[in-house]
Each structure stands twice: as structure tokens, then as C-alpha cells.
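S.K.: So the chains spell out like this:
Number of protein chains: 2
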Amino acid sequence: MNPIGPVNALYPMPTTLVGATVDGKPNFLTVAHVGILNHGTPQYLSIGLGKAHHSNAGIHENRTFSICMPSEDLLLETDYCGIVSGRKTDKAALFDIFYGTLKTAPMIRQCPVNMELKLHDVLDYPTHDIFIGELVETYADESVMDGGKIDIARLRPLLFDMASAKYWRLGTTAGRCWNAGKSLKK
Amino acid sequence: MNPIGPVNALYPMPTTLVGATVDGKPNFLTVAHVGILNHGTPQYLSIGLGKAHHSNAGIHENRTFSICMPSEDLLLETDYCGIVSGRKTDKAALFDIFYGTLKTAPMIRQCPVNMELKLHDVLDYPTHDIFIGELVETYADESVMDGGKIDIARLRPLLFDMASAKYWRLGTTAGRCWNAGKSLKK
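Protein sequence lines correspond, in order, to chains P and R. When you read off a place in the first sequence, starting at 1, and then add 1089, the result is the number in our numbering. When you read off a place in the second sequence, starting at 1, and then add 1089, the result is the number in our numbering.
Here chain P stands alone, though its shape is the one from the complex (with noise of 0.2 Å):
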């Protein structure tokens, strides 16, 4: 076990793309550096936004975002939503976009399932604004849905590493949560 510096190895994260209106538009940022912040209702989760992104000052403004979970098969959009800016490139243009309640988070149909979220605090950190959204409701493709829940292999998320800077893919089950453990109960 060897010290090798404060490296994040808090990985792999669900790649995301974040939609917010900007300067009236909308328009859409690849985001990994995300979190759960509690568990419960009202539900907040956290997105972590370099301060140079376009998308910043639409979050500020409009007090509203989304977090869309793209599949596999939208990797290349998902990608390219990510080195590319809304300064200068239409990337909403990629997207059949839709609004919830909050009409100013916009939302992308080819994403099988979509969160808007109300902003509730955020963390300004020197070089980051972390944006703390309240889960305001879900949007599910019927096509990822099992009994009335998301099924994530249905999904089939993109997971980012930052080490391998890859996109990955989820596997196969490995055990039941709150029940594998079990077996080490005395």
C-alpha cells in the first residue's frame, strides 16, 4: 500500500449531460463530477462546474438545471457536448429537447431517463461552482422501465474514469445490497 499523492480515485461516476437555459437557449454540458447528497424527499444532488463553463451563468440566472443520463448510444453526442462550447456551438441543435414543470430546464428525449432539479445552494469553490439541485421530477423512457422502476442495464449509463479517461460500460450483478452481507452476522 503505497502513498501515490492525493490522487481522486472516487470512480467511475455516471457521465451526465447538464441542460440549463443560457442567454435564453438551451443548451447542454458533459458533467461526471457529480453526487448524492442525502437520501430522501425532498432528494439534492450535487453538479461540479469548472467556472469557465457557458453553462454557469444559465444555472445562476434561472435558479433551475437537468441532469440527463445519455445511453451507450449516445456516446459521440455525449462526448462531443463535452469539448466543445456553447459560447460558440448550437449543441442543443444534437437533441430533441423538452421542458418539465420548471421550463427552463431543458430536458433531451434520445436520454432514456431525465432529472429536472430547482437550485437550492451553491457551493463556490475557487475555481468550481458547485451547483446543489433539488430533485423536482423524473422523466423515464417506458423502454428502461421494469416494474415500475428505472432499470439501469436497460439504461446502459456511460461510466467516466478519469484515470483510463474512458467511458465504460456497467456489468453483470454482483450481490444483493443489505442482504449479501449477511453471512458475517454472527
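No lab work stands behind these hints, which were simulated from the structure alone. There may be inaccurate statements among the hints.
The list cannot tell twin chains apart, which means a pair is met if one copy fits it or any two copies do.
Said to hold, decoys possible - Straight-line Cα separation of at most 30 Å, BS3-like style, residue types lysine-lysine; simulated pairs: (1) K1207 <-> K1140; (2) K1114 <-> K1192; (3) K1271 <-> K1140; (4) K1274 <-> K1177; (5) K1114 <-> K1275; (6) K1140 <-> K1238; (7) K1275 <-> K1140; (8) K1140 <-> K1114; (9) K1207 <-> K1238; (10) K1177 <-> K1192; (11) K1274 <-> K1140; (12) K1177 <-> K1275; (13) K1271 <-> K1114; (14) K1177 <-> K1271; (15) K1207 <-> K1114; (16) K1192 <-> K1207; (17) K1114 <-> K1274; (18) K1192 <-> K1238.
Go by the hints and put chain R onto chain P.
M.R.: Frame of chain P; chain R shown alone:
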């Protein structure tokens, strides 16, 4: 695309064992509600812990914690640490413990990667303490290193999904980040 209520779909997330010193003793808690807040140095990571957990008081007191990354080999132990409380059970006895520079952030030799963090901030939510840590040092076993970097395929992380209540394996690579989308550039 149907509304399904405010269902948190930000999964899978990496399953971690969070280490803390509580009442002078090492304790570990399974946590998959984690987050990457920024990207840089200092690196800030979040863990969301229900207030009923035994570990919270120790993190508040010592202002340190660890985030240990179990591999699939530790599935039973990892799940066990999520279903029994450190109030009644010495969970640290399952593992070979070591400490880094912070002295009060216990880490696990059986985990191929361990991170020690000092407490940067706490978000006080009604039911959860959101502990934000500054990453101080990362410890990795040589078996998961490749060319100076952590090889996530060798790490074999346990990915948590709430809807299925299962641990999932990492799959195969799907594409290169900041690269695959270049084909869409005009």
C-alpha cells in the same frame, strides 16, 4: 418520456467504506452516496451520511475520515458494514487497519485503494450530514497500478444502484473521453 416522480436516478455510484475514529476506535460504514465536487488541488469529495449513523460524531470530533475503495473480493464485508452498526459491532475487526498522515482516518489494507481526507465543511441537512473532505493522500496497492495510475479494471469496484438494490461490476470500455465526440465536429 413519462414523469415518474422525483426519483433519484444518478446511479450507479461507487460503493465505498468510510473510515472514522469514533470514541477512540476505528469504525467503517458503507457509503455509496458520494460526490466529486471539483477537479483540482485541493480536491474535495463529499459523503452523505444519515444522522443516525455512529460514524458522524467521530468525523465531527476528529475532523478526518477515509474513503476506502473495496474490490469485489470484499463484497460480503462491504455489505456487512452497511447492515450492522458500529455502536454494537466492532466492524474494524474484519480488516487489517492502517493509518496515514492524519492519524485518525483508519484505512483498510484489503482495499486496493484508500483515500484519507480532512474535513473541509459540513452541510447540515435535516436528515443527513454532508461531510466535505479535502483529499490529503491516496494509498494504492501495486496490484491495481499501471503506469503510475490506478487501473479501474484491476480495482474491480462495486457499483451501487438503488432501484435494483444490487452491487454491479464494471463492464468493458465504450470509448475515449474528449476524443470520441470529435467526429461530430464540423
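S.K.: Hint by hint, work out which the structure violates, then give me just those numbers in ascending order.
M.R.: none
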